[in-house]
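*Asks:* Listed below, chain by chain, are the residues.
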Amino acid sequence: MKVWKYGDNINTDMLFPGKYTYTCSKPEEIKPHLLEDLDAEFSNNVQPGDILIVGKNFGCGSSREQPTVGLKFVGIEAIIGESFSRIFYRSAINQGLILIECPDAVKEYTKDMPVKIDYQKSIIFIGDKTFNFPKLPPEILAIRDAGGLLEYTRKKLQERGK
Amino acid sequence: MGKTFAQKILAKKSNLKNVEVGQIVTVHPDHLLMHDNTAAIISKISKDLKQYGIYDPNLPIIVLDHVVPASDEKTALNHKQIREFVKNYHIKNFFDIGNGICHQVVIEKGYALPSKLILGSDSHTCSYGALGAFSTGIDRTEASALLLTGETWLKVPHSIKIIFKGKLNHYVSAKDLILYIIGKIGADGANYASVEFHGDVHNLTIDDRITIANMGVEMGAKNAVFPVDDITLQYLSSIGGTGSDYEISWADDDAEYAEIIEIDLSQVPISVAVPHSVDAWKTIDEVEGIEIDQCFLGTCTNGRLSDLKIAAEILWGRKVSPNTRLLVLPASRKVFEDAIRLGYIDTLSKAGALILPTGCGPCLGAHQGVLAPGEKCISTANRNFKGRMGCNESEIYLASPAVVAASAIYGKITNPEKV
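Protein sequences, first through last, are from chains A and B. Quick note, the first sequence lines up with residues 3 to 164 if you use the working numbering. Quick note, the second sequence lines up with residues 184 to 602 if you use the working numbering.
It is worth saying that the hints were derived from the structure and are not from the lab. A portion of the hints provided could be inaccurate.
Straight-line distance between alpha carbons at most 35 Å, and here's what the computed DSBU-like set of lysine-lysine pairs gives [said to hold, decoys possible]:
id: 1; chain 1: B; residue 1: 338; chain 2: A; residue 2: 137
id: 2; chain 1: A; residue 1: 137; chain 2: B; residue 2: 196
id: 3; chain 1: B; residue 1: 517; chain 2: B; residue 2: 502
id: 4; chain 1: A; residue 1: 157; chain 2: B; residue 2: 502
Only a predicted model underlies this, so the values are computations on that prediction, with no experimental measurement involved.
I would like the entire structure built from these sequences, with the hints used as guidance.
*Replies:* What follows is the structure, given as structure tokens:
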């Protein structure tokens, strides 16, 4: 498991350049351009189970969803951030991608420290320190845990149809 | 304790008497805005649409504007699929290429009305706060779900009150004001908040208010809203709206705010945001003289008639410097036709400007006006992110239409007061 660390105000153009937004929509088309203008190493080397640790206002800018779709597709386990931009935060829930707002954990992390997350207890372990993070409200967790908003919506429509 | 605008609208839209900050409510928006990304949105749910149908064909407003006319086979296919969807599902609120930029069209066609709740798969959906609507951006997946169910959840945001005092000086525009505010509070200064504008808003025109609300998202705001006053009502009646189409709602005087910020409008200087973030604020004096390869006037932020007017006044009888190029992009067909009628297009073209078809054009770097490595652009758009205009080794400066027009004359960043 690798931790990818990035700074403050990382915008959606850096996560997925605007010039591709109307030509790449499928996860496999998104992957080669993921984080293209932020970190050229990322898309070739990211592995399922990797974690991102990011600064404040991560994902600011456009409402394009290729960043959240792409990060979910390549298997990012979670993104731990100081704070997230609103549309990005919402989009992550819609894709079933886990975001954790925990500024203290972000500040504690330095290169090569081991990071583990206990989702049941809402605790992040970094080195020998632990950090609690708030649980999402149940109605939002239900969307994320269904695997994303479309899966959740389909379930709801099926139930209504019965 | 009184209620904020956000509390009042979200209570109404969720059929609740009262809502508290942080509460999650289920809402049925009045409209869902989509653009060229409609192709991707409907492709996610093509089977579901066949099975369940569309929730309400009057919910979506679809405007083709992002890559228009199509730049290649893929974008042409997107447009074709959208036109077929519109036909098959009897979508009434459809505006094909050439009508304008979605946000300008939504406003001009009278969808952006006071107290309406409008969600859109575009981050600048927050523009409609200029007319007293609650509007905000969502992703494509959520737009897909809304097409099927007509409902979604919203968390009631905390609110920030910004109080304007006095008047802006000559050549200082709404763009300078919003760049100044974002510079002051930062690109996340209003993250998640509902921003309300209070005070001497009567000194700001509808065009001014649209520019300001449009950039609400650049400080992280969920929505950015102006009160409805005589200026709003006059505008709405000019586009054919009737008072029966909407209700008027505003915050109580004793509403609770997370933050209150006062801005003395007479102290706002001509402003520029330098690469590569919108909050990298400078006064014009700090950046004057930087050589510019491309000047861009237009977009949903600053492509309205008043923007073209000030540029035409500055460029009248003058020429664009041979060391730069000027692109002009009217925000809608209506703006374009009015600008032709009033002679602005003639003036700008004679000065050497290239007039582009109405749409999003160079702003997002997908086509038209893409920059080369090492080039600098001064733009009236809302974002100067690295790579935004199609090349990650170029630089974008954000400024008002007056600064862009003045800079075009000299090929370097120029204070319009000195022209």
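*Asks:* The structure should be examined with respect to each hint, and the outcome stated for every one.
*Replies:* The hints, checked one at a time:
| no. | hint | in the structure |
| --- | --- | --- |
| 1 | 338(B) - 137(A) | holds, 15 Å |
| 2 | 137(A) - 196(B) | holds, 27 Å |
| 3 | 517(B) - 502(B) | holds, 26 Å |
| 4 | 157(A) - 502(B) | violated, 62 Å |
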